[in-house]
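Peer 1: Listed below are the residues making up each chain.
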Amino acid sequence: MENKEMPQEVKYTAKDFSSSQDVRWCPGCGDYSILAQMQRISPDLNIKKENFVWVSGIGCAARFPYYMDTYGIHGIHGRASAIASGIKINRPDLSVWVASGDGDLLSIGGNHFIHACRRNIDIKILLFNNRIYGLTKGQYSPTSEKGKKTKSSPYGSIDYPFNPLNLAVGSGATFIARSLDRDPKHLKEMLTRAGRHKGTAFIEVYQNCNIFNDGAYEIYTEKESKADNVLFLEHGKPMIYGKENNKGIKLNGLTPEVININEDGNSINDVWVHDEFDKETTRAHILSQLADREGMPAPVGVIRQEEKETYDDALHNQLNALKKTKGEGDLKKLLFSGNMWDVN
Amino acid sequence: MQKGVLDLSDVTVRFAGDSGDGMQLTGSQFTNTTALVGNDLSTLPDYPAEIRAPAGTTYGVSGFQLHFSSDDIHTPGDAPDILVAMNPAALKTNIKDLKPGGTIIININSFDNRNFKLAGYKSNPLEDGTIDGYNVVQVPLSQLTKTALEDSGLSAKEIERCKNFFALGMMYWLYSRPIEPTIEWIHSKFKSRDDIASANEKALKSGYYFGENTELFTTRYSVQPAKLIRGRYRNISGNEALAIGFVTASVKSGLPLFLGSYPITPASDILHELSKHKNFGVRTFQAEDEIAAVSAAIGASFSGALGITTTSGPGVALKTEAIGLAVMTELPLVIIDIQRGGPSTGLPTKTEQADLLQAMYGRNSEAPVVVIAPSTPADCFNMALEAVRIATTYMVPVMYLSDGYLANGSEPWKIPDPDTIPEIHVEFKTDPENFQPYKRDENLARPWAIPGTPGLEHRIGGLEKANVTGDVSYDPENHEFMVRLRAQKVKNIENDIPDLKVEGDKNAELLLVGWGSTYGSIREAVTRARGKGLKVAHAHFRYLNPFPKNTAEVLRKYKYVVCPEINMGQLSKLLRQDFLVDVESFNKIQGLPFKSFEIESKIESIIGGIENGK
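Chains as they are written, first to last, in numbering that gives the first Met the number 0: chain A, 0 to 343; chain B, 0 to 613.
Chain A on its own, in the form it takes in the complex (with noise of 0.2 Å):
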């Protein structure tokens, strides 16, 4: 079954992955963006059309599959890691991906979503964190931050967010990235390495609701405070941003510190360098939390990844060797099996 690789005459364009509907969500939404850019994207991961399946649970991202001309279920709301994941474990052949918001991912799907990080089922999750609830108009969410004032927030929420990165390096995800729907070119990069990626791949895409939570992310999105505000992480690479390129975080210990690279004695080598394949976690924990540190920048790219055998890989060679071993199951071997007697 597997067969990912396409024969070399086929080649796809962003048009053959762009389904007849018509795109639904409001002008001037984020999500048109990763739409875009996954339709881009998608010719280049050397998979036959067909054996993509787009997943989704319940919201304004989940609308997503609707969208794309590959398979897809729009299903119900929070459920569609375990959907997806029931699809990768029977069928490995096939690439499959979940679309999901905040409310829907985090909230009530956080359960499943945790669950299929930690087996490592081979699928992609996306995640569009608005850190708002759009498609039942302006709750607040997992994601939103305390004291955020919305419909059901009058006076400001009291819930502390989820940081969805953490989240993801705690339960074992084996690909887990940051990116914006305001970079096609970073958020382009991003998906396809996760395309790419053998196990549980989750990105957070920063998005914008431009209805119920218009600039959530403008520091890291404009072009002003866009330099000043997003690390832009590369493997073996050491984690500078700045206007200038002249600010570096520094690892003190456990704790992250931002320097000013050729002042105070500090220099390049005081920089933390970045290893995306750090075994330990502890690193990757402390830069998924960066952003949430006063003064600190939000790091975008590939904050860790991990090859480890796939959940979907291990049950089907658990299949195929007991098949060698104990024979293909013969029905008659089956029932006629324990303790049986003739009545003649």
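Just so you know, these hints were derived from the structure itself, not from any lab. What you are looking at is a predicted structure, and each value in this text was computed from that prediction instead of being measured. All C-beta atoms, glycine included, are put in the ideal place defined by N, C-alpha and C. Do not rely on the hints blindly, as some may be mistaken.
Claimed, not checked - Now the in silico label distances, taken between C-beta atoms and shown as ranges:
hint, chain 1, residue 1, chain 2, residue 2, range
1, B, Leu-484, A, Asn-338, 30 to 36 Å
2, A, Asp-341, B, Ala-78, 52 to 58 Å
3, A, Ala-313, B, Ala-155, 42 to 48 Å
4, A, Asn-45, B, Glu-463, 53 to 59 Å
5, B, Glu-214, A, Val-342, 35 to 41 Å
6, A, Glu-217, B, Pro-262, 17 to 23 Å
Got chain A; can you put chain B on it based on the hints?
Peer 2: Relative to chain A, chain B alone:
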């Protein structure tokens, strides 16, 4: 001393002791041996929800009842002829069920003040009149086992745990059963512990010889093999039959079986059994919760598997929304509900039939599913095949209602030749020409087009669909059309299921109707009542949605219709509502199956007086 052998046609035994005393094991060994002897049989395990409740207490008592006979039988027996009580608590909780004058074998070593107190006896029940009218045999089971195993090298505690084999050996002697099958079993079970295996074998043999030599027993009994239909048999429980039924359906349909499941009593044994059959390509997914279990099964079905999920009532409640998704997406799915006492956590290890209305209506909006129910443990096999045939032919979820009594109870099963089991014809759509995801065949079923098929890429989901195209549609007329269509599709299945069969008196005045596990008790009650000259018949529903096509015709033929159910009257409600027939509901809601005499009394209360001219 040569003892007399008395031939009996029919015996009911019950083993009862602490949940740590190995009563389920003792009972199932006695059952297997009895099956090999060729008796017809029916079993009823009855155990507490606690794994090891405090020793000696009444709530920690675990029981196993077995009815075996040289005739055709259908129930585990109303009242035991003989009770093996390992301690005072077992005596206390079980004595009331025993036949008047029945035999009680007690382990006298456990009858001390401490255990009387734990069982809630204020005085010694052997002396205060409690056991008057019974034939009580006092055996120092613990002491005899200890003596037999003093050279075994085992600890006192380990020796004490062998006493159930002593009791079993004694019972084998008493009912003239061979001990060899159990000896064989002991050695395969304790393969890695030779000392334990030898000790258990010795305890078993000692018990057997004790029976032969003691003066406590003057007679032993035998029960001749039953005259069953020719063939090869094995003893099978409902859950086992169900599990291998789905494996068989997988082979017969050519679809890989995918089980999404979350452990829950009394359904977990199906998960255990199916996870053994990986060489049939069975994918078992022990999910993080009930909702994930059904959702994964739906995903698997979408991708071309035979998606099933196993659970009990509380799990069905959690799966409700996802079942609605399967209704809307028109995917094959089998939801297996091993019903137990409720509501809420209820009585996890006890049986009940109270999820029928949940199965029928327990979803938001109009969400019809097919509902079927096996009527005996062995029938669980047949209905698995039916569930899959219907689900795949009609692209529809099927609710399969078994219960704790069927699941754990067992009976001899005449093993079918798999070659004679019909294929389940399934064809995936592959032709892109004029493909429409919601275009329908003569069964109103939409095509099953699975990922990986070029040119058939399409999206399905929970939003209302336009017929034929499957596009999302908010059109008011389309919605009404689709609601009616989904209902019609299920209704049409009445043309594809067997008619309701009536057994019993051709000129009956009274019809008993039932469904599911009450089959055996009703049938036995009807047989007995007819033996007394009462004109009574029995019809048993295995298909509950849709009902068989001749249901109205059958129900309207009788002056009286009575429906015994282990609930408050759920089937009778449906029958009254659908057929406007005055069905009288007869209920028992104690977490226990009906005893035949209870139904027999009901029959007599309705037609007995008139017929007998009283």
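Peer 1: Which earlier hints can't be squared with this structure?
Peer 2: The structure breaks hints 1, 2, 4 and 6; every other hint is satisfied.
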